[in-house]
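J.: These are the residues of each chain, in order.
Number of protein chains: 2
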Amino acid sequence: MTRSALTRNLPILEWARRYDRSAFTGDVVAAVIVTIMLIPQSLAYALLAGMPPEAGIYASIAPILLYAIFGTSRALAVGPVAVVSLMTAAAVGNIANSGTADYATAALTLAFLSGAILLALGLLRLGFLANFLSHPVIAGFITASGILIAASQLRHVLGIQGEGHTLIEIVAGLWAHLGQINLITVALGVSTTAFLFWVRKGMKPFLRRLGLGPRMADLGAKTGPVLAIVATTLVVWAFELGARGVAIVGDVPQSLPPLTMPSLSSSLISQLLVPALLISIIGFVESISVAQTLAAKKRQRINPDQELIGLGAANMGAAFTGGFPVTGGFSRSVVNYDAGAETPAAGAYTAGGLALAALFLTPLIHYLPKATLAATIIVAVLSLVDFTILKRAWVFSRTDFAAVTATILLTLVFGVEVGVTAGVVTSILVHLYKTSRPHIAVVGRVPGTEHFRNVLRHEVETQPNVLTLRVDESLYFPNARYLEDQISGFAADKPELTDVVLMFTAVNEIDLSALESLEAINTRLRDAGVRLHLSEVKGPVMDRLQRSHFLDDLTGEVFLSQHKAACNLATNDMAHPQPLT
Amino acid sequence: MTRSALTRNLPILEWARRYDRSAFTGDVVAAVIVTIMLIPQSLAYALLAGMPPEAGIYASIAPILLYAIFGTSRALAVGPVAVVSLMTAAAVGNIANSGTADYATAALTLAFLSGAILLALGLLRLGFLANFLSHPVIAGFITASGILIAASQLRHVLGIQGEGHTLIEIVAGLWAHLGQINLITVALGVSTTAFLFWVRKGMKPFLRRLGLGPRMADLGAKTGPVLAIVATTLVVWAFELGARGVAIVGDVPQSLPPLTMPSLSSSLISQLLVPALLISIIGFVESISVAQTLAAKKRQRINPDQELIGLGAANMGAAFTGGFPVTGGFSRSVVNYDAGAETPAAGAYTAGGLALAALFLTPLIHYLPKATLAATIIVAVLSLVDFTILKRAWVFSRTDFAAVTATILLTLVFGVEVGVTAGVVTSILVHLYKTSRPHIAVVGRVPGTEHFRNVLRHEVETQPNVLTLRVDESLYFPNARYLEDQISGFAADKPELTDVVLMFTAVNEIDLSALESLEAINTRLRDAGVRLHLSEVKGPVMDRLQRSHFLDDLTGEVFLSQHKAACNLATNDMAHPQPLT
Numbered sequence: 005m006t007r008s009a010l011t012r013n014l015p016i017l018e019w020a021r022r023y024d025r026s027a028f029t030g031d032v033v034a035a036v037i038v039t040i041m042l043i044p045q046s047l048a049y050a051l052l053a054g055m056p057p058e059a060g061i062y063a064s065i066a067p068i069l070l071y072a073i074f075g076t077s078r079a080l081a082v083g084p085v086a087v088v089s090l091m092t093a094a095a096v097g098n099i100a101n102s103g104t105a106d107y108a109t110a111a112l113t114l115a116f117l118s119g120a121i122l123l124a125l126g127l128l129r130l131g132f133l134a135n136f137l138s139h140p141v142i143a144g145f146i147t148a149s150g151i152l153i154a155a156s157q158l159r160h161v162l163g164i165q166g167e168g169h170t171l172i173e174i175v176a177g178l179w180a181h182l183g184q185i186n187l188i189t190v191a192l193g194v195s196t197t198a199f200l201f202w203v204r205k206g207m208k209p210f211l212r213r214l215g216l217g218p219r220m221a222d223l224g225a226k227t228g229p230v231l232a233i234v235a236t237t238l239v240v241w242a243f244e245l246g247a248r249g250v251a252i253v254g255d256v257p258q259s260l261p262p263l264t265m266p267s268l269s270s271s272l273i274s275q276l277l278v279p280a281l282l283i284s285i286i287g288f289v290e291s292i293s294v295a296q297t298l299a300a301k302k303r304q305r306i307n308p309d310q311e312l313i314g315l316g317a318a319n320m321g322a323a324f325t326g327g328f329p330v331t332g333g334f335s336r337s338v339v340n341y342d343a344g345a346e347t348p349a350a351g352a353y354t355a356g357g358l359a360l361a362a363l364f365l366t367p368l369i370h371y372l373p374k375a376t377l378a379a380t381i382i383v384a385v386l387s388l389v390d391f392t393i394l395k396r397a398w399v400f401s402r403t404d405f406a407a408v409t410a411t412i413l414l415t416l417v418f419g420v421e422v423g424v425t426a427g428v429v430t431s432i433l434v435h436l437y438k439t440s441r442p443h444i445a446v447v448g449r450v451p452g453t454e455h456f457r458n459v460l461r462h463e464v465e466t467q468p469n470v471l472t473l474r475v476d477e478s479l480y481f482p483n484a485r486y487l488e489d490q491i492s493g494f495a496a497d498k499p500e501l502t503d504v505v506l507m508f509t510a511v512n513e514i515d516l517s518a519l520e521s522l523e524a525i526n527t528r529l530r531d532a533g534v535r536l537h538l539s540e541v542k543g544p545v546m547d548r549l550q551r552s553h554f555l556d557d558l559t560g561e562v563f564l565s566q567h568k569a570a571c572n573l574a575t576n577d578m579a580h581p582q583p584l585t
Numbered sequence: 005m006t007r008s009a010l011t012r013n014l015p016i017l018e019w020a021r022r023y024d025r026s027a028f029t030g031d032v033v034a035a036v037i038v039t040i041m042l043i044p045q046s047l048a049y050a051l052l053a054g055m056p057p058e059a060g061i062y063a064s065i066a067p068i069l070l071y072a073i074f075g076t077s078r079a080l081a082v083g084p085v086a087v088v089s090l091m092t093a094a095a096v097g098n099i100a101n102s103g104t105a106d107y108a109t110a111a112l113t114l115a116f117l118s119g120a121i122l123l124a125l126g127l128l129r130l131g132f133l134a135n136f137l138s139h140p141v142i143a144g145f146i147t148a149s150g151i152l153i154a155a156s157q158l159r160h161v162l163g164i165q166g167e168g169h170t171l172i173e174i175v176a177g178l179w180a181h182l183g184q185i186n187l188i189t190v191a192l193g194v195s196t197t198a199f200l201f202w203v204r205k206g207m208k209p210f211l212r213r214l215g216l217g218p219r220m221a222d223l224g225a226k227t228g229p230v231l232a233i234v235a236t237t238l239v240v241w242a243f244e245l246g247a248r249g250v251a252i253v254g255d256v257p258q259s260l261p262p263l264t265m266p267s268l269s270s271s272l273i274s275q276l277l278v279p280a281l282l283i284s285i286i287g288f289v290e291s292i293s294v295a296q297t298l299a300a301k302k303r304q305r306i307n308p309d310q311e312l313i314g315l316g317a318a319n320m321g322a323a324f325t326g327g328f329p330v331t332g333g334f335s336r337s338v339v340n341y342d343a344g345a346e347t348p349a350a351g352a353y354t355a356g357g358l359a360l361a362a363l364f365l366t367p368l369i370h371y372l373p374k375a376t377l378a379a380t381i382i383v384a385v386l387s388l389v390d391f392t393i394l395k396r397a398w399v400f401s402r403t404d405f406a407a408v409t410a411t412i413l414l415t416l417v418f419g420v421e422v423g424v425t426a427g428v429v430t431s432i433l434v435h436l437y438k439t440s441r442p443h444i445a446v447v448g449r450v451p452g453t454e455h456f457r458n459v460l461r462h463e464v465e466t467q468p469n470v471l472t473l474r475v476d477e478s479l480y481f482p483n484a485r486y487l488e489d490q491i492s493g494f495a496a497d498k499p500e501l502t503d504v505v506l507m508f509t510a511v512n513e514i515d516l517s518a519l520e521s522l523e524a525i526n527t528r529l530r531d532a533g534v535r536l537h538l539s540e541v542k543g544p545v546m547d548r549l550q551r552s553h554f555l556d557d558l559t560g561e562v563f564l565s566q567h568k569a570a571c572n573l574a575t576n577d578m579a580h581p582q583p584l585t
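Protein chains in written order, with our numbering: chain E, 5 to 585; chain R, 5 to 585.
Among the hints, a few may not be true.
Below, simulated PhoX-like cross-link-like pairs (lysine-lysine); rule was C-alpha separation at most 20 Å, straight line [what the hints assert, rightly or not]:
1) R:Lys542 / E:Lys438
2) E:Lys208 / E:Lys226
3) R:Lys438 / E:Lys438
4) R:Lys568 / R:Lys542
5) E:Lys542 / R:Lys226
6) R:Lys226 / R:Lys205
7) E:Lys542 / E:Lys568
8) E:Lys205 / E:Lys226
9) R:Lys226 / R:Lys208
10) E:Lys542 / R:Lys438
Since the hints were made in silico from the structure, they are not lab data.
Given these sequences and hints, build the entire structure.
T.: As structure tokens, then:
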């Protein structure tokens with residue numbers, strides 16, 4: 005392996021050589037801030053994923069370290085994130101009950117499979133597969149997931165039972181258990197939620213009015229969730245609310261991340277394979293858009309295939325250290341970036357901070373009410389819910405609107421896996437439908453020029469016996485027969501026709517189906533006494549055509565430009581053979 | 005409903021008004037010839053489909069009549085065909101044993117579902133769906149089906165058991181029963197097969213040498229299969245070979261097609277739905293290519309959506325009259341056309357001829373050996389086997405070669421349904437892969453001209469601070485992020501960059517994902533102090549962009565031509581803002 009290949013696959017070799025004191029200071033400051041922010045987030049997303057709270061902290065340690073070694077983004081912070089945690093709960097919830105050892109093993113296995121898939125895609129350079137999630141599908145999916153997540157956490161705020169992975173299940177579950185509502189939990193949960201909403205909007209201006217500088221006010225506002233956790237934990241401890249029905253986190257082991265093994269049971273793997281694939285792709289897409297946005301600000305370059313390897317390694321790390329599937333999160337990465345992280349080493353220091361927390365802080369969260377964590381989640385995910393995508397898609401194109409609507413509705417009604425799959429399938433079908441009926445314009449010459457434009461939109465000159473068609477699409481199997489039908493139709497409608505010219509300005513590709521359709525068109529026109537010509541054929545398309553017999557059999561000519569075709573066919577009229585009919 | 009709408013949906017109204025004596029004569033002559041040809045073909049394809057022999061004749065009567073009313077092709081002959089019969093055997097064979105009442109009911113139900121699907125596709129104008137079967141996939145599928153069919157009939161020629169729906173099953177079945185071989189059957193079967201091969205190649209020249217005119221010799225050669233049937237039936241009858249182990253057709257009811265009802269059992273329907281969909285689409289594709297080839301010779305027009313309705317009605321007819329799935333067949337249609345059929349009425353007269361045969365001729369085929377029918381099938385389908393598609397695809401494009409190879413291998417190994425599905429999926433994936441990594445050329449000006457060409461292929465002039473990229477594909481979700489990556493890469497590599505121009509000559513479409521990628525590119529370049537421009541944007545794409553905020557946010561300009569862009573950016577250098585980094 006050459007040095008540059010090594011650097012490509014181990015980006016750490018590149019930045020570690022130039023690491024200096026200034027980068028170190030920036031990284032440590034960023035790490036302290038991110039660590040404080042990550043503790044409540046990690047606990048909350050563990051709850052969302054149906055895992056014990058410490059798993060959230062474990063899932064933030066090894067993955068951060070491994071991403072720092074293999075990843076290319078300098079600001080991305082990897083760990084549990086909302087949507088992937090929801091997908092984990094949906095996938096693992098089908099297999100085992102939350103809180104059991106089987107559940108934890110399935111979550112480890114899911115992280116392992118997801119890591120293996122990401123590594124495989126990265127090594128095979130298949131990162132482009134993520135592109136099949138279109139922007140509207142992702143936006144619709146994130147919005148619908150945000151609603152599902154917020155709805156699924158309501159039960160913790162109300163202090164009742166009622167699980168579910170679709171909106172209908174969740175609402176039905178809440179309704180069925182509404183009688184068991186715990187008013188103290190509601191009071192705690194609702195006030196925490198209200199406080200956190202205020203933190204988001206009003207705390208920074210408030211701190212500024214108290215006289216803090218902008219940077220300190222900003223940092224202060226970020227500690228809001230920590231404040232909420234400390235305050236509600238103290239309240240529960242002081243008034244012994246745990247004994248009065250408020251669900252608390254309870255005993256959390258005081259330890260570094262344990263060494264764990266994913267299961268290799270083939271039945272478990274076959275059940276988790278599709279969810280793992282979806283989690284990998286969704287996680288990758290979320291992560292890479294964050295990474296690219298942050299990298300562009302500093303003109304750094306993100307290598308998508310290497311990112312797959314970084315995220316794959318991170319998930320492998322989660323699988324072997326008591327975690328669950330992870331990816332690069334938006335909020336934590338932005339904090340990392342804003343806090344001045346210079347290199348992936350910042351992530352390593354964050355990992356160190358979290359390891360200290362796992363060792364020494366866990367006894368302190370015994371009395372932390374689950375309602376507080378649920379409130380943290382609700383406030384975080386509601387910022388993901390954004391229905392403006394519906395309006396934008398509607399205005400821009402109906403087909404994009406169809407894809408985003410299908411994604412949102414199916415995610416809410418049938419859950420995350422059906423929703424995102426339906427979104428991808430809808431996008432592909434809509435695209436195939438559009439390209440299967442390409443725009444084909446009859447064109448004529450704009451008088452006094454060499455330009456040829458659509459006869460329906462412009463005043464142009466045409467000859468009665470020559471039909472010139474401009475096909476606005478590459479020719480391939482979904483539209484090959486459409487072209488045959490269209491040309492048969494035009495030819496049947498014009499008995500005086502002697503020549504058809506196909507103008508190939510926008511034809512970037514011809515496949516074998518299209519070639520055979522062109523051959524059929526050529527033969528059928530010949531049988532009807534009409535010649536077929538091509539004009540403005542691009543180099544690569546011409547190369548392709550020359551590998552077949554089509555050009556030998558073509559009854560007409562290939563003209564370099566449409567102008568030449570028109571001149572030639574106008575003067576050639578007399579020499580033209582009679583129709584055979 | 006207006007008159008023209010009526011004529012569109014009932015094409016019979018159009019041709020029946022102009023029906024005259026000359027058309028009548030032509031039609032009757034064609035009908036007699038086609039009837040004679042259809043009797044052995046119908047019996048043989050019933051055997052292939054696992055149905056009793058009379059079902060083949062029934063399946064040729066009502067469908068022909070209904071197609072005559074609803075179809076648009078004037079020469080298409082509808083009835084049992086080889087590939088669809090094979091697919092029927094594969095689908096129904098999974099549900100019941102051949103020869104049982106359940107088997108016949110399942111076949112009726114399959115025809116009913118297939119008819120319903122075709123009608124629905126036709127009424128919803130969804131005929132374009134058939135285009136997703138690319139030419140190489142169809143060619144590969146037909147070739148592999150031909151091999152499967154021939155192999156499946158070998159057991160009748162050898163006089164042994166051994167069913168199967170994949171090549172491996174068939175070969176294993178033959179091998180296991182090889183001990184039971186019946187030598188008289190082999191003698192009959194092999195000599196009939198040899199005779200029929202000779203009929204195909206040598207009979208017409210032979211009849212010409214005997215002094216017959218070309219038309220009579222042609223007709224005489226077409227009666228070859230009838231001759232084989234008469235001769236072998238007489239031999240079996242005369243020497244009582246039925247008692248010596250030669251499998252014969254046996255008692256065939258002497259009746260008009262019975263009135264039958266498909267089953268509406270939901271479990272049966274759910275088992276048959278996917279096979280019915282595949283049969284519908286394969287049948288439609290086969291039928292429409294025959295219809296279009298024949299129609300083009302007379303400059304007649306085929307309406308694909310109306311063809312779906314015609315074939316749907318034909319299959320409905322088969323379902324209610326003791327038949328099984330049908331479609332427009334190549335060999336019978338060509339005979340119909342060559343024999344001079346003028347209108348769909350020829351089909352109606354053929355139906356009458358077959359009804360007479362069903363009433364009066366069935367006792368005569370009691371002693372007809374199954375080996376003769378198998379020989380008829382083998383000779384017919386081996387003409388479908390054509391491996392030259394592999395070579396043509398290989399030469400023309402590797403991706404088409406991948407699709408055709410996958411189709412052939414998977415059809416042979418896993419059967420018809422897996423094979424054709426895999427072919428479609430492979431074609432779509434290959435297309436998506438290709439468009440997901442479009443050709444993006446860095447272009448520069450060809451000295452002394454207004455032309456801009458690829459810097460790698462031509463000697464061109466460029467400016468160090470301006471990067472001009474030509475994207476050779478519509479911009480949509482699979483390639484949206486690729487474009488982002490490419491531009492980020494180019495920008496990261498050129499620190500002196502101040503302007504990026506995207507040349508949109510071959511961009512026919514922009515979807516919301518691509519728009520958001522363009523917005524991201526614009527923002528990221530802006531953050532890096534680089535302006536983004538567009539040039540040569542087509543009208544429809546410009547319309548689309550104007551429905552968004554993109555043009556307001558664009559840091560640069562939209563130039564009518566690349567030439568204008570280059571001139572403007574060259575003179576504008578001094579006025580350019582400083583990079584922000």
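J.: Against the structure shown, which of the earlier numbered hints fail to hold, in ascending order?
T.: 5
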